[in-house]
Amino acid sequence: MPYLHDMWRETVVRRGLDELNTIAYPANSPLTARSDWRDERGKPATTAERLGKDALDPFGTQVAICNCLYGVQATFSEDLGAAMARAVNDWIAHEWLDRDPRLRASIVVPQQNAELAVAEIERCAPDRRFVQVLLLVSGELPLGRRQNWPIYAAAERLRLPVGIHAGSTYRHPNTPVGWSSYLSEEYINQAGAFQTQLTSLMAEGAFAKFPNLTFVLMESGVTWLPGYLWRLTKFWKGLRSEVPWVADPPASIVRDRVRLTLQPFDGPPETATITRFMEHMGSDELLLFSTDYPHWQFDGTDAIPAGLDPALAQKIMVDNPRNTYARLRETTQ
Amino acid sequence: MNVDVLNRTGLQTPNQSKLAIADCDIHPRPPGAGIGGVSKALYPYLSKRWLEHVQTIGVRYRQPWERGSAYPKGQPQACRRDAWPKGDNPGSDLAFMAEQHLDPNNVAFGVLNPLTSGQGAQDPELSAALTHATNEWQLAEWTSRDTRLKASVMTPFEDAPTAAKMIEARAGNPNFAQVLLLTRTAEPLGQRRYWPIYQAAVEANLPVGIHAFGYGGSALTSGGWPSYYLEEMVGHAQCQQAVLTSLIFEGVFERFPTLKIVLIEAGFAWAASHAWRMDRQFAKLRKEVPHVKRQPSEYMRSNVWFTTQPVEEPEPREHLADAIEWMGWDRVLFATDYPHWDFDDPAHALPIKMTEAQKRGIFLENARAVYGFA
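Line by line, the protein sequences are chains A and B.
Count along the first sequence from 1, then add 65; that gives the number in my numbering.
Read in my numbering, the second sequence has 125 at position 136, and its numbers run on one by one without any break.
Chain A extracted, bound-state conformation:
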């Protein structure tokens, strides 16, 4: 509230707006927060101090990117979405980034309207602690659609990767075959949502149009990637006359331009299979370390799946993130 402009603060009070938490992460669901990461009132990540103690210190984290999931992208009013995004970003800067020098953040934007989103990106970008642009994977239009391109142009110009996070604006059924009955189904289908949106970015030519832009898939799941690319490559070979601007094989585009955060990894139960699976990934540069804090994806500090080569783990934790985020290179060794 203190970060909202007067008119919007009054609107919130006068119209009785509730909090904009979406149905994606019900507050008390086990997935939404690990039990040992909740405070005595059951709430996770309430202060920068608590976040540092839970999510940074135990992992020896030198720098971490915060992605605030608040339903500003889902408001039907673009103006409300823009006002809320602005307030969220100011809140992040003052309540989080100012309080722990290890923290960085993504710029929350009103995804409903590319013009307003660009304005918010440009407003926040001078603060070098904002290191990428945040989009939800399921918005009003597939992410490759050209109405979204001004966002990508601004991000590329400012050397900010576009981070695509699990979540939806709920403009469409939460699975491609209709509304699911259960949260479990919705969450499982987030991986499918990432697959379809990556296809969209590929097919519409976003990678060709913005050659210096990196897309980071966050909380996307990881193990779907190789099998997905085999299928996409096969149909690209068969149907590339429809999308002639996709000149390179999809797997090589992904290798150069797409990164995925580590958690949830969605790995097999057997260590030997994980080792074998990593060969299918075809590159050691794709993964970026993440805890997905406070979401419950692993226990203790076991964020790195067993069976990963230590050299690869080192790349995932240090080298790959540094190579992905220009602004992390400015402030870390």
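Keep in mind the hints are simulated off the structure, nothing from the lab.
Not close to chain A: a few residues of chain B, all C-beta gaps over 12 angstroms, as computed:
hint: 1; residue: Gly23
hint: 2; residue: Ala30
hint: 3; residue: Lys37
hint: 4; residue: Val43
hint: 5; residue: Gln44
hint: 6; residue: Pro65
hint: 7; residue: Pro74
hint: 8; residue: Glu114
hint: 9; residue: Glu130
hint: 10; residue: Asn164
hint: 11; residue: Gln188
hint: 12; residue: Leu248
From the structure, some residues in chain A lie toward chain B, with a derived Cβ separation under 7 angstroms:
hint: 13; residue: Pro95
hint: 14; residue: Leu206
hint: 15; residue: Ser233
hint: 16; residue: Val242
hint: 17; residue: Tyr247
hint: 18; residue: Ser249
hint: 19; residue: Asn254
hint: 20; residue: Arg296
hint: 21; residue: Lys299
hint: 22; residue: Pro333
Once the Cα atoms are required to be at most 25 angstroms apart in a straight line, the calculated SDA-like pairs of lysine to any residue come out as:
hint: 23; chain 1: B; residue 1: Lys62; chain 2: A; residue 2: Arg211
hint: 24; chain 1: B; residue 1: Lys273; chain 2: A; residue 2: Asp104
hint: 25; chain 1: A; residue 1: Lys108; chain 2: A; residue 2: Tyr90
None of these values were measured; they are calculated from a predicted model.
Glycine included, every Cβ here is placed at the ideal spot set by N, Cα and C.
Dock chain B against the given chain A, drawing on the hints supplied.
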């Protein structure tokens, strides 16, 4: 993918010593049929009321075009250029199909999956009339003329009680191999409105095939409608992931433990990863779905099969063997998708090292376990 027939002729002469195969996805098509239209070949099986209806209103689906599919295909009717019998639609002529595909590829058992059968038509009674006509047409024109071929029970699946009656009516008829549904329905297929279909299928001892495509009306992605046919084709996999998740998490396999589901034409390389993801989320959220008693992957191992075409093509090829190993060699059923453009040739489609048992399983024995043919 398309194969140049001229380069193939020397390899593909009829050869009885070649392994007999089951082809679990063959598309017959009445002459002149297409989305929105009705083939004259079905007229004898339609009442006067429905004949008049299709001639005045046509067949309306949840998509824009009066004729043709929502996304223009890569080539006419998505079919191989060499699969057009003289003057007619691909898949419309049994003799031509036998000569081009069934004989040279030694197909011992072929499952017919008609696609423009009125399934998913908006008017439920029209859908019932057209699917009934398609069932009669399969018997008259195909299964009665070639015993290698088995029909699918087509139903107006959005009206499950009617669909169940139509399945009951075919129970015990050995010419039908399965009940056929499409992936994209009005609601996810695990939901209770569709359960009468599964009940009837189990009672008739028929597997339920779920083929890619459909007309459910939901955006093709949870982020809206994509632009390209390429996206629709790749997206069949994500649609079937959602269907499979729905079947498992709604408890369909608890309610119908003997139900056999065959997922057709949406790939299989995603199966293992999807199982791992489902198991991991289920471990955290199982209290939400107490009716789900076993790990999601266990239902996949006992109740679900995948057809091969279009086979994913990793580099190196051996990665495909890993993907099959992780889902189970007994889960995979060979299919060609004849006469479509992305037909898989049994001689070339699985270029991986397999034991004799694995090969026999994929090309024949797994299908025998599902469909129970002699």
